[in-house]
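The primary structure of each chain is shown beneath.
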Amino acid sequence: MKKLLTGNEAVALGALEAGISYASAYPGTPSTEILENLAEYKDEVIAEWAPNEKVAFECVIGASVAGARTLFAAKMVGVNVAADPLFSFAYSGVNGGMMLVSADDPGLHSSQNEQDNRNYAKFAKIAMLEPANSQECKDMVKTAMEISEKFDTPILFRMTTRVCHSKSLVEIGEAVKPTKKPYVKNLQKYDLVPANARHLHVKVEERLKKLEAFSNETELNYIEWNNKKVGVIAAGVAYQYAKEVFGENASYLKIGFSYPLPMAKIKAFAAEVETLYVVEELEPFMEEQIKAAGIHCIGKEKITNIWELTPDIVGKALLGETRPVIDYDLSVVPNRPPTLCAGCPHRGFFYELAKLKNVMITGDIGCYSLGGSDPLNAKDSTIDMGASISMGHGAQKIFNRFNENMRTISTIGDSTFFHTGINSLMHVVYNRSNTITCILDNRITGMTGHQENPGSGFTLQGMPTTIIEIEPLVKALGIKHVRTVNPLNLKELKEAFTWALELDEPSVIITRWPCVLKKQSEADKKEFGNYFGKCVVETDKCIGCKACIKTGCPALQFNKGTKKVKIDESQCVGCEVCKQVCPVKAIKRVGE
Amino acid sequence: MRETKNIILCGVGGQGTILTSKVLSNCLMKAGYDVKMSEVHGMAQRGGSVTTQVRFGDYVHSPIMGKGSADILVAFEKMEALRYLDMIKPEGKVILNDYEIASSTVLAGEEEYSSLILEEVTNAANASVLNACKIAGNIGNVKAMNIVLLGCLVKFMNLGELDWDTAIRENVKPSLVDLNIKAFYAGLGAVSN
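Chains as they are written, first to last, in my numbering: chain Y, 410 to 1001; chain F, 341 to 533.
Simulated from the structure, these hints should not be mistaken for lab results. In this text, a Cβ means the ideal position worked out from N, Cα and C, and glycines have one as well. Warning: the hint list may mix true and false statements.
Far from chain F, some chain Y residues (derived; all Cβ distances over 12 Å) [claimed, not checked]:
no., residue
1, Ser543
2, Thr719
3, Ala885
Taking lysine-lysine pairs in the DSS-like style, the calculated list, with each CA pair at most 30 Å apart, reads [as the list claims (entries may be wrong)]:
no., chain 1, residue 1, chain 2, residue 2
4, Y, Lys764, Y, Lys969
5, Y, Lys411, F, Lys474
6, Y, Lys975, F, Lys474
7, Y, Lys927, F, Lys345
8, F, Lys345, Y, Lys725
9, Y, Lys412, F, Lys522
10, F, Lys474, Y, Lys451
11, Y, Lys955, Y, Lys764
12, Y, Lys451, Y, Lys927
13, F, Lys370, Y, Lys551
Turn these sequences into a full structure, and let the hints steer you where they fit.
This is the structure in structure tokens:
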């Protein structure tokens, strides 16, 4: 039977068919749905959200050493967080098979950089697989387990946004009942003290040689002979783009096992074709190695290493082909950027925050990064998960040292705080800082689509679990000044900011209100009540001052003709932020 | 050998473009086509511009299509039609829902929502304009607007003979099946090619 699946759904299914019994991850686009789908197979697979990628990776190492087949998944920047255990696990090797999915995001659809994680395979000296469609995503999970166990290596399973999120046909196979290998204590393998690690490095180099021999033999790297005037070497979705452009007019060396590269096979292929192209997205990962092996090929001098490729870009670069398009004036089309939803609990917070003078606002990764967009404009920076607190600290120290009248305010979500914010806050306390940390607790991991986290009270499978409460946690870290406020109440927010700015010690403001899109738990209903309703503008009272429009709520529309504001009934949830902002009390709650 | 056909659906987050392409792709798959569907989960939970691409034929390579290669563009929102007009072949077809959703920049008064969008699109391309919102409202729920548009699309693809009822039944909530099947046929009958 065939099904239309995304690459992520196919990986989860592949895990079921490959007998994987432990998986862990932290949510991150475009990787998130792998664990969400694995959660469906709870009798076969223990699948867990970890507070961060390092924790997830180490849990997976433990499960592998104990003898199980295992999977770790992250977006590409998440692999950075897990890089510490990765490089050392590359030395010790596995017991049960282990694969780490790196879901890269060429084109930065939802990421802060465009790093090419294929480099991690070379850097950590481990094997790499690159599926090009959903069928390969599923099949290669089983292959990854076999290679991992045979060669005693973790596998970098490299995907990209288009592979993760495109749907294509997959032939469904049989689920297998997971088994485990026996656990045998082995200090020389798993105890990476220098005396052991020194010898393991020798093994790693020997392993690479064996893996290269395998790479030359395996059917994962195969040749399709057509016209020999042009030869193309490609892997992943770039292979599909090359096929789209050249069709039968070129021969292909399709790379599925992409580190170590099958250099002997590449040499033989190159010898048969007149012009050799390497079609790859982002960095010249294959091209540099092929050139270093003395093989002439054309790659990045024609194909850009910036943003994601498309069949168009490849066609234009290599054949000079462009298709006719309709000519029209695109400049009349207004932008449609993402916005904080109507009723988002972050809106009131950023609205009040934007009013503060002489502050540097360090942001973090989440929906609330939209607090920096028009018209709220309440942000100075975003770097990586947890950076708001530590960056804020570094900046504050310098403002203080050079006697500048500036305060830093760090804004971080609940899930991001659990991810790596806790360590940073510890640093703030320990080093006698006076930053203001705002933890925007919307009771869920919002931007990636509502994943549970250590503060939400549920596991990945929806099982009730201990709620890790933020307020006692930050107090235990040594924060003496903590306030929890309702972010829909602008007066409360304003008072909290004034209070914190007057302190010369570190403080924490927790804004606690559920994401407006969240399916509320029983605990949420009990704590927050049913606050949903509608607001309307009393048109005769509206003076058209646009004060409410400055909250950036998508439910509010200013009519230039009538000079009045209207609230879109279908979007409004009755958060009442606009009502508090209106200087003439023209907005009221329906039924009041 | 059936040539690969390219369909692009565009609209605003929350309008149901993804569900529509799911029904479309699954029905095509069951009819024996190779199908690839692509979407990007961006930062926008709501309110951002969204597109999904569906490609089908005997064998489809790339999950995404290039500019100037769509046979049909279905615009769930009229301004979005103009945003993606360069995706269609010059002789391609536009199905244009006469429905307006202002973007945040328009709401804030920073940019204008041109009153001439319909003219711009119909002057530049072969477009069929309909009010899917009104059609869906007439049969009971404006939210079925997306499946009305699917009906129009199927009409222009000349694939009315496929088993759309089953595809709808298998992909929408059970309580909404009857409404959506009604919406589909309303869309199918709303345009002629």
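Evaluation of the provided hints:
1. Ser543: violated, 9 Å
2. Thr719: violated, 6 Å
3. Ala885: holds, 33 Å
4. Y:Lys764 x Y:Lys969: OK: Lys764 of chain Y and Lys969 of chain Y at ~26 Å, within 30 Å.
5. Y:Lys411 x F:Lys474: violated, 37 Å
6. Y:Lys975 x F:Lys474: Given that 30 Å is the threshold and the Cα spacing comes to 22 Å, the pair holds.
7. Y:Lys927 x F:Lys345: Answer violated: Lys927 of chain Y to Lys345 of chain F is near 38 Å, above 30 Å.
8. F:Lys345 x Y:Lys725: Holds - the C-alpha atoms of Lys725 of chain Y and Lys345 of chain F are around 21 Å apart, at most 30 Å.
9. Y:Lys412 x F:Lys522: It holds: about 26 Å lies between the C-alpha atoms, which stays within 30 Å.
10. F:Lys474 x Y:Lys451: violated, 45 Å
11. Y:Lys955 x Y:Lys764: Status holds; Cα separation ~16 Å.
12. Y:Lys451 x Y:Lys927: Since the Cα atoms of Lys451 of chain Y and Lys927 of chain Y sit roughly 23 Å apart, the hinted pair holds (cutoff 30 Å).
13. F:Lys370 x Y:Lys551: holds, 27 Å
When the structure is compared with the earlier hints, violations turn up for hints 1, 2, 5, 7, 10 and for no others.
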